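One line per chain: the protein sequences are A and B, in this order.
Using the numbering used here, the first residue of the first sequence is number 1, and each one after it goes up by one.
Using the numbering used here, the first residue of the second sequence is number 207, and each one after it goes up by one.
Be aware that one or more of the hints could be misleading.
Partial list, computed: chain A residues near chain B (C-beta under 7 Å) [stated by the list, open to error]:
| hint | residue |
| --- | --- |
| 1 | Tyr84 |
| 2 | Leu161 |
| 3 | Ala162 |
| 4 | Ile168 |
| 5 | Lys191 |
| 6 | Tyr199 |
None of these hints come from the bench; they were simulated from the model.
Remember, it's a predicted structure, so these values are computed and weren't measured experimentally.
By construction, the Cβ of each residue, glycine as well, lies at the ideal position given by its N, Cα and C atoms.
2 protein chains.
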Amino acid sequence: MKLDNKGLLVVISGPSGVGKGTVRQALFDRTGHDLAYSVSMTSRPKRVGEQEGVDYFFVTKEEFEQRIAEGKFLEYTSFVDNYYGTPLDKVNEQLEAGKEVVLEIEVNGATQVREKMKNAILIFIAPPTMDTLKERLHRRGTESEEIIQARCLKASKEVNLASQYDYIVVNDTVKNAADKIMAIIRSEHAKTNRCLDEYNKIIKEK
Amino acid sequence: MKLDNKGLLVVISGPSGVGKGTVRQALFDRTGHDLAYSVSMTSRPKRVGEQEGVDYFFVTKEEFEQRIAEGKFLEYTSFVDNYYGTPLDKVNEQLEAGKEVVLEIEVNGATQVREKMKNAILIFIAPPTMDTLKERLHRRGTESEEIIQARCLKASKEVNLASQYDYIVVNDTVKNAADKIMAIIRSEHAKTNRCLDEYNKIIKEK
């Protein structure tokens, strides 16, 4: 029995190349959960195999900037001349419907979320070693050497931001990381500050 | 991979009759955990089937009071003229050995633990309904009607103390409650304030 029936906003973030997307996918491949994925919006070109509304909502740079001006993002960032952001209206719709909303975003976006949603749960996905991270950045291989170098530099700064998060989950295996995130979600629902009101209703019933 | 390798002090408490002992037993019946149970000390008579050093350490009232005077308890309480307490030396030995120490104690003891050990995790076991709690108190049937009545009165006060705990876990089924406690323990190990030092070691390695 879950006392806290409200949906949680769960932010999965971490340095470039740590495997955030794979961990997120593993979470959603499980059965019996009540998670909703918040699809990000981007101005970067669609990669082979990516689908509109599944991997991202793809818009032009001009459309993205128009939406920034209108305050339509929970968070956004830019990297290598492209924007990435979380549409606020989609997140609110899902939270209001009682779903647990999972965001997989860049590290500077995560701190923007904390400012706007105090109750958000910020999870930092960490590499088991720095060597693993570097290997993964080189292995991705969908981009030019120049972009890989920029990503490595970015990652080496991003690993220092873990202290701003609520939890640090090591991505040693995708299964372990996903298990731990499910444990965190379950545990957060049992936190006294989230479920005291519901509990007080139980003890007042005859 | 667990960044935080220190043992946690996990306090399981809740109103009389809620099933704390059964939930604790279910936790320890699982395999693959690293939990150590802290056996309480009591001055009450041994019940049929109870074993010294397993269910409790049984001492006389005079011995118990001597130990209180010597500051040898992490917490203690008295009920129906008997003392119940947690020997401090045993808890420290286990924590130092890196074990997760589980205490199953009365509600007023839990707040004493918080004062002495800031990092302790306090879990309040709650009944799914007040009727369930009353039924359980009557069903126990090992004591006189007078003791049952005292226990009911005590329980009706104890249910109001949940707000002093970190988590509220409903004992709707013993399996659910035990699952949730395991999730809480796992989740607490991933908390940034517990594992940031270890994480910083990883990112400083070449």
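How the hints compare with the structure:
1. Tyr84: With a closest approach of 24 Å, the Tyr84(A) hint is violated.
2. Leu161: 11 Å, violated
3. Ala162: 6 Å, holds
4. Ile168: 5 Å, holds
5. Lys191: With a closest approach of 6 Å, the Lys191(A) hint holds.
6. Tyr199: 5 Å, holds
Comparing the model with each numbered hint stated earlier shows that hints 1, 2 do not hold.
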